[in-house]
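Asks: Here is what each chain is made of, one letter per residue.
Protein chains: 2
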Amino acid sequence: MTRAAGAQRPISRGRGARRRVLTAALEVLDEHGLAGFTMEAVARRAGAGKATLYRHWPGTNALLVDAMDTTFVPLPVPDTGRVETDVAELLTGFVTLLATTPFPRLLAAFMDAAERDPALRTMHAELTRRRREPMLAVLTRAEQRGQLRPGLDPDLTVDLLAAPFFYRRLVAHRPIPPDLITAVITQVLGPHTA
Amino acid sequence: MTRAAGAQRPISRGRGARRRVLTAALEVLDEHGLAGFTMEAVARRAGAGKATLYRHWPGTNALLVDAMDTTFVPLPVPDTGRVETDVAELLTGFVTLLATTPFPRLLAAFMDAAERDPALRTMHAELTRRRREPMLAVLTRAEQRGQLRPGLDPDLTVDLLAAPFFYRRLVAHRPIPPDLITAVITQVLGPHTA
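Quick mapping for you: the protein sequence lines, in order, are chains A and B. Counting in the UniProt record's numbering, the first sequence runs from 1 upward without gaps. Counting in the UniProt record's numbering, the second sequence runs from 1 upward without gaps.
A few of these clues could be false.
[What the hints assert, rightly or not] Partial chain B-side listing against chain A, Cβ under 10 Å, derived: (1) His-32; (2) Thr-60; (3) Glu-115.
Everything labelled a hint here was simulated from the structure, so no lab data went into it. Here the structure is a predicted model, which means the values were calculated and not measured. Note that beta-carbon positions come from the ideal geometry of N, C-alpha and C, so glycine has one too.
Using the sequences plus the hints, can you model the full thing?
Replies: Structure (C-alpha cells):
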C-alpha cells in the first residue's frame, strides 16, 4: 500500500492504521486462535470500525495472510567458514522464535486455516519457502565448497534440520533442551568433514 | 465408558450413540476446523440433541480429546531383520495416513487447540507418545542388535525420521514423492551397517 504525496487521507485509512489493525489481528489470533479470529474481534482490539476493516480486507482470510506476512523477518545468512556453525546460528535463532515469541501459536492457527483454504495454503507455502532461504543458502554454499557429506541434498537437508524443532514444539509438545541443536546437526550433517 | 450388564439405558446414552457423536465430531472438525467445532454443529451432524452431548461431555475440548483418541490405531511393530526395512514399513504407513485420510487436517485443528489449552496439550503429547512407540521399539531393538550407527539416540532418531513428513505436509505444503522415505532413512540412519 503506497500513499500519494499530499493526498488528503483520513488517518484511519493510512499506514499507521493498517499496521495497528495487523498488530491487533496477530494479538487476537495469538490469544483466541482461529476460532476467535473474527473481523469484529480484530476491529474491537484495533479500536477501529468493522466497516473500516472491510474497506481494506474482504474477510478474515485476507486479513490473516497480511498479518502473518508482517511476522516475516528475513534472517541474514551467516558465513563463519564452518557449515555446522552457520547452521547452529540459524537454528538457535529459530529455536528462540519458537520458545519466546507468539510465532508457534500463530503458526498453529495458520496451519489449521491453510488446511481448509487453498489460497492460505499457497500463501503459507510461500512464507515457508522464504523462511527456508537462509538455511538453503548456507547449505548450497557448503556443497559448492565441498563441505557437505557427498550425496547430501541441500533442500532435503533443510527439512531434516528444521523439522525436528517444529515437531517437538507443535506436535510432541516436548521441551527443546539446549544441546538438541548440536545433536540434530551432528546426526544430519555427519562427522565434521571440512 | 463401560456399561453395566442388564442396565436399562436409553439408546441415546449407549455405546452406539457415543460412537456416532465421536464420528460426527471428527467430520465437523475435518470440514470446518476448530472455528466451526461447536457442540451445536456436532449435535446436528450426529442427529442428537445438544443436551445429550452435554450429558457426556462438559464442552468442546473434552469432546475433541475423545474424538481424537478414536483416531489412534496402534501399528504392529515390524521385524524384518533389517532396521531400514522396518523403518520404511512404518514410514510408508504414516505417509499413507497423511496422504489419504483426514488425519493431517484433524491434527492441524488439534495442534491449534492444544496451543490454547494445557489439558489438550497434555492429551496431544500423550497421543503423540503412543504413536511414536512402534518406531521407538524398532530403533531400540536395532540398537541392542548393534544395527544402529554408534552414537545414534533412538528417541532423537524417531524425531528425525518422522518430523520431515509432518513438516512437508503441514508446514511447507510440499508433495511427498515416493522416494522421499528412502532418502530420509539413508540420510538419518547412514550407510547400511548390519
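Asks: Quick one, is the Glu-115(B) hint okay against chain A at 10 Å, beta carbons?
Replies: Check passed: Cβ of Glu-115(B) comes within 5 Å of chain A, closer than 10 Å.
Asks: Should the hint that Thr-60(B) touches chain A count as held when the rule is a Cβ pair under 10 Å?
Replies: 9 Å, holds
Asks: For the hint on His-32(B), does the least C-beta distance to chain A fall short of 10 Å?
Replies: Holds. Min distance 7 Å.
Violated hints for the displayed structure: none, as all numbered hints are satisfied.
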